[in-house]
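Now for the letters of each chain:
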Amino acid sequence: MSERGRDVADKVIVCRCEDVSAHDVEEAVARGYRDLESVKRFTGFGTGWCQGKQCVALCARVLVAAGGEPPTGPITPRPPFHPVPLAHLAGLARPRRDGGER
Amino acid sequence: MPTRRLVDPAKTITLHVDGRDVPAVAGEPVAVALVATGRTLLARSVKYHRPRGPACFAGRCDGCLMRIDGIANVMTCRAPARDGMHVETQNVLGSAESDLLAATDWFFPGGMNHHEMFTANKLVNRAMQKVARRIAGIGELPTRLVPSTPPREVACDVLVIGGGAPGLAAATEAARGGATTVLLEEAPETGGQLLVFPGGVIDERGREQNAPTVADALLREAEAAGVRVLTRHAAIGVYGAEVLAHAKDHVVRVSFGRLVVATGSHEGAMAFEGADLPGVMGVRAACVLLRHGVLPGERIAIVGTGLWSDALAAALRARRAEVLGPFAAEAARRARGRPSVRALDVHRVAGAADLGHRRDGERSDVETIVCDGVAIAPPPSPAYELAEQAGAAVAFSGEAFVVTASAQDGQTAAPGVYAVGECAGVRDLRAALAQGRAAGHAAAVHVGEGARRGG
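As given, the protein sequences belong to chains A and B, one line each in that order. If you want the numbering used here, it's the position in the first sequence, counting the first as 1, plus 40. If you want the numbering used here, it's the position in the second sequence, counting the first as 1, plus 740.
A portion of the hints provided could be inaccurate.
[Said to hold, decoys possible] Among the chain B residues that face chain A by a calculated CB cut under 8 Å, a handful are:
#	residue
1	R745
2	Y788
3	D809
4	G810
5	N813
6	A819
7	P820
8	L881
9	R884
10	P891
11	G980
12	D989
13	H1006
14	A1140
15	F1141
Just so you know, the hints here were simulated from the structure itself, not pulled from any lab data. Yeah, the Cβ is synthetic: ideal placement off N, Cα and C, and Gly gets one too.
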């Protein structure tokens, strides 16, 4: 899948948000980080903007292809699941508005 | 120009983009307006400063982050264009096209191992960390103070997250069952994938219809049943019996009795060299562009097969664009071009989708195809995040992570939480609609029971 062992001319980026390559995932497995959570912690995949939305399935497939353990579950995405300005979250500490239409 | 508008818009507004004026159609996503001018490179990646462009047009990737009116990291695919908006490239030294910091990418062809780099000497390590923090990054802090805004509160019996087909069906049945029902949709319109699918689908009565027509009928049905539909409301977390959503300039606390998660799927990604280049995007993303009247390229290579690839190919050909493929997913070797895609290396095969007799490692088997856009169709990645946080179980299918739910009515391992449609692995439209309706019905019935017990 990732052309290992051949003349790699460009990176195979598997997690765009954190610039993690297929090589990084394979290296992690080679070093003994064989489960998805450990590979996430070692490489940082799935810890960026999208919290794994675009990459976690691909990283799991690359992990399995590299000889890692087939995952039993996903990584834990952290909310907020969509970027939110802190100012809007800070509003939660303020008095509430009623639920009427805006 | 690789990307362009199919028809000149009758009326435009002006965006100020990196000191230049760019025309846009009022209300269209800023990223679409920029891509319509032929610019696919909008951003740079955080570590290697690799060129990036929108890959999803759905608020799920890093490809369109820019600074708008002094606020960093705005997903421009979700930001409606307004006259006079100031849009800036961020995280570059120079310009988006020639970012001097991209040297990082050439300097570390094998990648950076931050665990061991410059760790021999403490002083050097400290100095290098400073440099790394300066080079890496995701924009700068806002130039002005952003005032905090109070949250809004909404209460309902049944909350449905996701306004695609199964979500609309679930909400309709919940409301018909007597439950006060709220539906949250992150996009400006409901309809989900039906809204952008450029082809026909078989509806619940077995008739072939245009996908957007089916989406429209489902919305009208939900509204007639009394569902309160909140578009541009992105659910960002589940906390007990409350979902936190984000609207334009505030958050909304939605308390619910029963929860139906119908969040669909993310397009996902593929592993080949240069798959992160601007101009490489998902097939659905390409369809989003078409829906906004923007051609994703004049010569588009499609990688990965399936309904979306075929529908996109037909839609592009109908607009007189050249289509190469669809190629089997495994055939893609390398997307080339700096800063945007200009060619794709594919493994040569007899039939476009047949890779049965490939001989690995032989250069002669690889063909370079000149193109100005690549549309990829990876296995869809179910959007399990919210269901998982609500307590549902999630399993690996071998391709992606899928919420474990009853095929019949979407019941998950978490009491009162249902997952329907693609997030639960149900991809067929009619099956997803049936599951959605059953979930909505069950949710309304159980809310009623709870109220009777409580009363």
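Regarding the hint that D809 of chain B lies at the interface with chain A, is the smallest CB-CB distance below 8 Å? 12 Å, violated
Does the nearest C-beta of chain A fall within a distance shorter than 8 Å of the C-beta of G810 of chain B? Check failed: Cβ of G810 of chain B comes no nearer than 12 Å to chain A, outside 8 Å.
Hint validity - R884 of chain B Cβ closer than 8 Å to any chain A Cβ: It is violated, given that the least Cβ distance between R884 of chain B and chain A is near 11 Å, above 8 Å.
Hint H1006 of chain B vs chain A: min CB-CB distance below 8 Å? With Cβ-Cβ at 4 Å, under 8 Å, it holds.
Would you settle whether the hint for G980 of chain B is holds or violated, based on the nearest Cβ-Cβ distance to chain A being less than 8 Å? For G980 of chain B, the interface hint is violated, since the closest Cβ of chain A sits about 13 Å away, which is over 8 Å.
Would the hint on Y788 of chain B be counted as holding, given a Cβ-Cβ threshold of 8 Å to chain A? 5 Å, holds
Restraint satisfaction for A819 of chain B [CB to CB of chain A, less than 8 Å]: 11 Å, violated
Evaluation of the interface hint that places N813 of chain B against chain A, nearest CB under 8 Å: For N813 of chain B, the interface hint holds, since the closest Cβ of chain A sits about 6 Å away, which is under 8 Å.
Regarding the hint that L881 of chain B lies at the interface with chain A, is the smallest CB-CB distance below 8 Å? 11 Å, violated
Under the criterion of a CB-CB separation shorter than 8 Å, is R745 of chain B in contact with chain A as hinted? 27 Å, violated
Do the numbers back the hint for A1140 of chain B, that is, is its least Cβ distance to chain A under 8 Å? 4 Å, holds
Given a cut of 8 Å on the nearest C-beta pair, is the interface hint for D989 of chain B held or broken against chain A? The hint holds - D989 of chain B has a Cβ within 8 Å of chain A, the shortest such distance being about 7 Å.
Hint compliance for this structure: hints 1, 3, 4, 6, 7, 8, 9 and 11 are broken, all remaining hints hold.
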